[in-house]
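Novice: Protein sequences, first through last, are from chains V and G.
Just add 1235 to wherever you are in the first sequence, counting from 1, and you've got the numbering used here.
Just add 1 to wherever you are in the second sequence, counting from 1, and you've got the numbering used here.
Calculated from the structure, these hints are not laboratory results.
Don't take every hint at face value.
Okay, derived cross-link-like pairs now, SDA-like style, lysine to any residue, Cα gap no bigger than 20 Å in a straight line [said to hold, decoys possible]: (1) G:K292 <-> V:A1322; (2) V:K1501 <-> V:A1476; (3) G:K292 <-> V:H1251; (4) G:K292 <-> V:R1293; (5) G:K292 <-> V:S1296; (6) G:K292 <-> G:I100; (7) V:K1501 <-> V:I1514; (8) V:K1501 <-> V:G1516; (9) G:K292 <-> V:P1254; (10) G:K292 <-> V:G1297; (11) V:K1374 <-> G:I100; (12) G:K292 <-> V:G1324; (13) G:K292 <-> G:T104; (14) G:K292 <-> V:G1253; (15) G:K292 <-> V:T1298; (16) G:K292 <-> V:H1307; (17) V:K1374 <-> V:R1364; (18) G:K243 <-> G:F254; (19) V:K1374 <-> G:T102; (20) G:K292 <-> V:Q1308; (21) V:K1374 <-> V:A1322.
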Amino acid sequence: MHDGSGLIAVQNLTKHFGPVAAVQNLSFTVSPGSVTGFLGPNGAGKTTTLRMLLGLVRPTSGTATINGRPFHQLGRPGRVVGAVLEAQGFHPRRTARNHLRVYTAAIGVPDAQADQVLTLVGLGSAADRSVGGFSLGMKQRLAVATALLGDPQVLVLDEPANGLDPEGIAWLRNFLQSFARMGRTVLISSHLLAEVEQTVDQVVIVSRGQTVYYGPLEQLRQQQQRRVLVQPSDIGALAGALQAEGVTAIEQLPDGRLAVSGVDSKHVADCALRAGVSIYGIQEEQVDLEQLFFRLTSGQYAGHVPAPYQQGGWAR
Amino acid sequence: MGSMNDLVQAELRKITTTGLWWGLLIPTVLVALGGGLLSGGFGQLMIEFTTSAEAEQLSDVLGVTPDQWKFSLLGIGRTINIVTLFPLVFGAMAVANEIGTRTITTTFLTAQNRAQAMLAKLLVYALWGAIYGIATIAAVALGVVLTSGSSQMPGIGDWAMLALACVLASILMTMFGVGLGALLPNAAGVVVLLIMYFLVIENAVQFGLRLSGTPETVVGFLPNGSVNGLTGSVVVDLFMAKAGVVPEEGIDFLRIIAGAGGAQAWWLSGLIFFAWVAASFGGGWARMTQKDIT
Ligand SMILES: Nc1ncnc2c1ncn2[C@@H]1O[C@H](COP(=O)(O)OP(=O)(O)O)[C@@H](O)[C@H]1O
Ligand SMILES: [Mg+2]
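Just chain V, same shape as in the assembly (with noise of 0.2 Å):
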């Protein structure tokens, strides 16, 4: 039986469909009590490494366990591990009570279970009708209330933002959070960093099969450094002032601005204010996280293969 730890663990995991290489020597882990994000562009192999993760894609080699056990000895998986994926699907003239009592039976779980996940999910009043009816979003929460029916210790989610109006998000977000903070493990796939990044923890980044970075996403923030831009009077006073100081990333924009790193603003000011230079303008450029993480994935298509990753770190 599995270990019941809440721990996903991905190890040199690689799938090939004939000469295409969807997922090449991917390797990170998930702890519980944490939202862990996994982003790629398009084709980068999330969907297809979830799918190992859950038994229905057979791995060409590498090892994917949940609990410390692959999917297949978990003995009652619907009661370990819920899962929303893309093209997962529903019978259309089968309404939503009895698509989730389908399952209350087969996870071994009483049928009250069906209204209660679905009551949950704001999908209570839709109870009887024929999901073919439903809209996009309604499927999609149907899709969360379905794996929410064996109360499981961990949830996969590939890109459970597909189809969810703004409101769904936001409870989405909410509802992962708290899910995670019972001391549950979440792992939600996504294209876009923005669209998670308010909800997770951790993010494992993958390009092309390959994970180029794995670690908290704070770390990832602050490894981007912030700039100061400024327009100063002098711009060679202001510079050696801040040399002096002992600041030396500074560089001149084309514009004529200085962008200064590894302090902000107010630092700059006062050390202008010190060296007698006025200031005309100044600005903190903000983190950009998108920007950051499409040149983490951009290599995807370049044609070349990314360095290993290490774990809380860069890739190169």
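On the provided structure of chain V, position chain G with the ligands as indicated by the hints.
Specialist: Below, chain G with the ligands alone, put in the same frame as chain V:
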């Protein structure tokens, strides 16, 4: 094994929460009833013909007693053969539909393993095959009762044997469908293929053999020939048991009418078709337990 019970329960609910099973049960009952009516009526007609003066003379010369022949049995056999195409289609949809609607993903995510999921499906579909079989024989019997006099009515023992063959054929056809639907999981494609095969292709082969004068024995080993042989040989046996003297050439003709041309004895035909079911389900099983669900 609690988990196996749970999966069986889930498969039962899959069937009862959508309309396909009774959508196919309606034509099953209608065609069976129609076949029963025709069989009884045809039997009566033959009796009236054979008891006409000229026919009496002829049968006296040949030393046969056609006024005691239960022609209705032959029609009953034919009817069952045709009607079991509905449970066949029902079975074929079991896996093909789940792949089409992509509910197969959730099915596999909630089962301990794929083998158990497939086994639960097989058990529940076998049960549903029996339900179709019981409905079929009941509707056929009703039709025969409505149109035939007492001389054409099969006896109680005959009905018991017919019911057994009908339910057995229906269960086996459903299971054959389950296997093939897993092997070629495209709902429309597999249904068209199966209907074409059972209605047209194999019959064309048989007809070709007959025209060319080749023995049709090989047909008795093919899927349609063997499953038809299961019911067809039963009705021919029942017919012969009460028929008194029947000329040798007449027996072959009877077998063809009953749909058992070239077929082996009913139990052997049943075993042969069971081998086809095992091959079909084995293939579907292998495919579904190996397949990447993407
Ligand atoms: N069943 C399949 N057969 C062939 N190639 C596939 C199959 N599934 C995925 N791929 C390929 O594997 C790669 C990764 O796909 P996928 O895992 O879906 O990426 P993502 O979910 O990150 O968009 C893509 O190049 C895709 O075309
Ligand atoms: Mg994907």
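Novice: Would you check the hint for G:K292 and V:S1296, treating anything up to 20 Å between C-alpha atoms as holding?
Specialist: holds (16 Å)
Novice: Is it true that the CA of G:K292 sits at most 20 Å from the CA of V:P1254?
Specialist: holds (17 Å)
Novice: G:K292 and V:A1322 were given as a pair; does the straight-line alpha-carbon distance stay at or below 20 Å?
Specialist: Holds, at roughly 16 Å.
Novice: Taking 20 Å as the top limit, are the C-alpha atoms of G:K292 and G:I100 close enough?
Specialist: holds (11 Å)
Novice: Take the C-alpha atoms of G:K243 and G:F254, compute the straight-line distance between them, and say whether it is at most 20 Å.
Specialist: Holds. G:K243 to G:F254 sits at ~17 Å (cutoff 20 Å).
Novice: Given the hinted pair G:K292 and V:Q1308, is their Cα-Cα distance within 20 Å?
Specialist: With a Cα-Cα distance of about 18 Å, the restraint between G:K292 and V:Q1308 holds, given a limit of 20 Å.
Novice: Take a quick look at whether G:K292 and V:G1253 sit within 20 Å of each other, Cα to Cα.
Specialist: Given that 20 Å is the threshold and the Cα spacing comes to 14 Å, the pair holds.
Novice: Are the Cα atoms of V:K1501 and V:G1516 separated by 20 Å or less?
Specialist: holds (13 Å)
Novice: Does the structure keep G:K292 and V:T1298 at a Cα separation of 20 Å or less?
Specialist: holds (18 Å)
Novice: Keeping to a limit of 20 Å between CA atoms, is the pair of V:K1374 and V:R1364 held or broken?
Specialist: The hint holds at about 12 Å.
Novice: Is the Cα-Cα distance between V:K1374 and G:I100 20 Å or less?
Specialist: holds (18 Å)
Novice: Measure nothing beyond the straight line between the CA atoms of G:K292 and V:R1293; if it is 20 Å or shorter, mark the hint as holding.
Specialist: Holds - the C-alpha atoms of V:R1293 and G:K292 are around 8 Å apart, at most 20 Å.
Hint compliance for this structure: no hint is broken.
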